[in-house]
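S.K.: Please put together the full structure from these sequences, using the hints given.
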Amino acid sequence: MNAIVKVENVGMTFDTKKGRFVALQNVNLQIRQGEVVSLIGHSGCGKSTLLNLIAGLTLPTSGAMICNGREIAGPGPERAVVFQNHSLLPWLTCFENVHLAVERVFGAKEGKDKLKARTNAALEMVHMSHAAQKMPHEISGGMKQRIGIARAFAMEPKILLMDEPFGALDALTRASLQDELIGVMEKTGATVVMVTHDVDEAVLLSDRVVMMTNGPAATIGEILEVKLAKPRDRLQLAHDPHFAECRGAILEFLYQKQMKKAA
Amino acid sequence: MSTATLTSGLVTVGPDTEAASDTRNDIIVSKQEASMLAAPVTPAPAAEPSVSIGERCGSFLRAVLPPLLGFAFIIGLWALVAMKSADFPGPAKTLDAAITLFSDPFYQNGPNDQGIGWNILSSLKRVAIGFGVAALVGIPMGFIIGRFAFMNSMLEPIISILRPVSPLAWLPIGLMVFKAADPASTWTIFICSIWPMILNTAQGVQRVPQDYLNVARVLNLSEFKIITKILFPSVLPYMLTGIRLSIGTAWLVIVAAEMLTGGVGIGFWVWDEWNNLKVEHIIIAIFVIGIVGLVLEQFLLLIARRFSYGNN
Ligand SMILES: Nc1ncnc2c1ncn2[C@@H]1O[C@H](COP(=O)(O)OP(=O)(O)O)[C@@H](O)[C@H]1O
Ligand SMILES: [Mg+2]
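In order, the protein sequences belong to chains A and B. For the first sequence, position 238 matches number 238 in my numbering, and the numbering has no gaps at all. For the second sequence, position 147 matches number 147 in my numbering, and the numbering has no gaps at all.
Accuracy of the hints is not assured; some may be wrong.
[Claimed, not checked] Under 7 angstroms between C-beta atoms, here's a sample of chain A residues computed to sit facing chain B:
| no. | residue |
| --- | --- |
| 1 | Pro75 |
| 2 | Gly76 |
| 3 | Val81 |
| 4 | Ser87 |
| 5 | Pro90 |
| 6 | Ala101 |
| 7 | Arg104 |
| 8 | Phe106 |
| 9 | Ile139 |
| 10 | Gly141 |
| 11 | Phe253 |
These are calculated hints, taken from the structure and not from any lab test. Remember, it's a predicted structure, so these values are computed and weren't measured experimentally. Virtual Cβ for every residue (Gly too), placed ideally from N, Cα, C.
M.R.: Here is the structure:
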């Protein structure tokens, strides 16, 4: 299968006040069309850095990043990002936040009614139609994250990038959002790259789990294929031997091979 | 000034610190004032507080009683001081004078003898003009300084030198350039208002959360949309803080400036009444200046609250 994203020998070095800091070194990764990939690793290993490189928010200091056969030169709407802290603009309503994205992507080709319909459909997809006219500070953290997801999906991106999308949420909200995301991914067949530090989440949602070594000079340690049929159901998976196996492999990687000195 | 960028995590919206504040109230203390305040001060056996009522009416009184007590104390102290001094008017005499004064605030007896209402309005007008021009110049300048590091490094040293200068030091320059008292005091207001506006706006621009700028970049928003949908709304609270600080300083400075330039205005009026030895009028003026300042401040706080978007 043809890779939609190719990360080739990528290195990322930051110039800091204390000198040069090598965050990533020799990262190689290919992501196929329609695939869901999670990046997992200890905090500070460079997951966000890699995701930001794919997003084009930062450019690598060495190696090549290719998306759809073209070098990634900057961010673009075909690579939508769901930010960790949702990043809704607090002075716009939920509807306006999503509409801003829709307008930007489809505004040139489609009429006002069509744009509105798209926005409403996106809100509907994450079950947030009732909050369309609310301001972000009036809704809960989980709801904000849903709006963030709606905003990203509404752009119909080729690739959806998510940086710990549920990291700030409590366990129950997190589970219900994961289920929602499974539904949305099923419906859209989107290619997704997701950063997470939650082992269950990684196995539940992804086709492949990319495990990163500890920084500095982090790189990809192992890649695990999750061969579980989709759509997945968290209750059934609890008793699935392959699920347990995947989980075990990741835990082993994180807590034996990449044990972190007490942070 | 550092180019502060907030990476993911905490997103502060709006001014959490009143950083660029520079209120200067150490302006004029004349010899006469000093001697006036030197009247003997005896410790006051504070006015009899009615505590027993406070117990009955609960929370309402608990909110109202302390401020009332504070006023009662200060008035009691004032009355005592006035009793011991021959030319210091007491609260009763001052109240009398205030009633006469405010019964006809808008009389006009020639250019140098106008009602207190006119004096207040003239001062407010000067503040409004000086401040308005300062906003027109300062806010765009703040945007430029905040957005372009080059402009920041170019203008920052100049601003750092000029900002600590008392606005009154600029008064002679105003008099020389405009050859009239009125625009000169407006000019002084302009000078003192402009710094907080430049600095707060610049700070707001530099503090636009990186996340919002990332949203703009991912969505590939046009420059116009970036300004209207992201920069302006996110800088607005900082701008309003700058405006509030400016107005506060302007109101402090106008009194002093008018004392020096004369004409019609509350500052000049204070000086005039001092020359007429109407000390009770000066006390009234102090209250009036305080109350007007408070009203201005509260009004701007009200606007600022309207534009603060909750905590995200
Ligand atoms: N802009 C930057 N400047 C300097 N160092 C950075 C920058 N961004 C990230 N780093 C460093 O790179 C490493 C990886 O960071 P990050 O990708 O955010 O980790 P995480 O895996 O927790 O998302 C960290 O040590 C971090 O301090
Ligand atoms: Mg991270």
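S.K.: All hints, please: hold or fail.
M.R.: Taking the hints in turn, this is what the structure says about them:
The closest approach between the C-beta of Pro75(A) and any C-beta of chain B is roughly 5 angstroms, which is under the 7 angstroms cut-off, so the hint is satisfied. Annotation: interface hint on Gly76(A) holds; nearest CB of chain B at approximately 6 angstroms, less than 7 angstroms. The interface hint given for Val81(A) holds, since its Cβ lies 5 angstroms from the closest Cβ of chain B, which is under the 7 angstroms cut-off. Taken as an interface hint, Ser87(A) checks out: its beta carbon lies about 4 angstroms from the nearest beta carbon of chain B, inside 7 angstroms.
The beta carbon of Pro90(A) comes within 4 angstroms of a beta carbon in chain B, closer than 7 angstroms, and the hint placing it at the interface holds. At its closest, the beta carbon of Ala101(A) sits 5 angstroms from a beta carbon of chain B; the interface hint therefore holds under the 7 angstroms criterion. For Arg104(A), the suggested interface contact is upheld, since its CB lies about 5 angstroms from the closest CB of chain B, less than 7 angstroms. Restraint check, Phe106(A) versus chain B: the minimum CB separation of about 12 angstroms is more than 7 angstroms; hint violated.
A cut of 7 angstroms between beta carbons decides the hint on Ile139(A): the least distance to chain B is about 10 angstroms, and the hint is violated. Restraint check, Gly141(A) versus chain B: the minimum CB separation of about 10 angstroms is more than 7 angstroms; hint violated. Annotation: Phe253(A) was flagged as interfacial toward chain B, and the flag is violated, the nearest CB pair being 25 angstroms apart, outside 7 angstroms.
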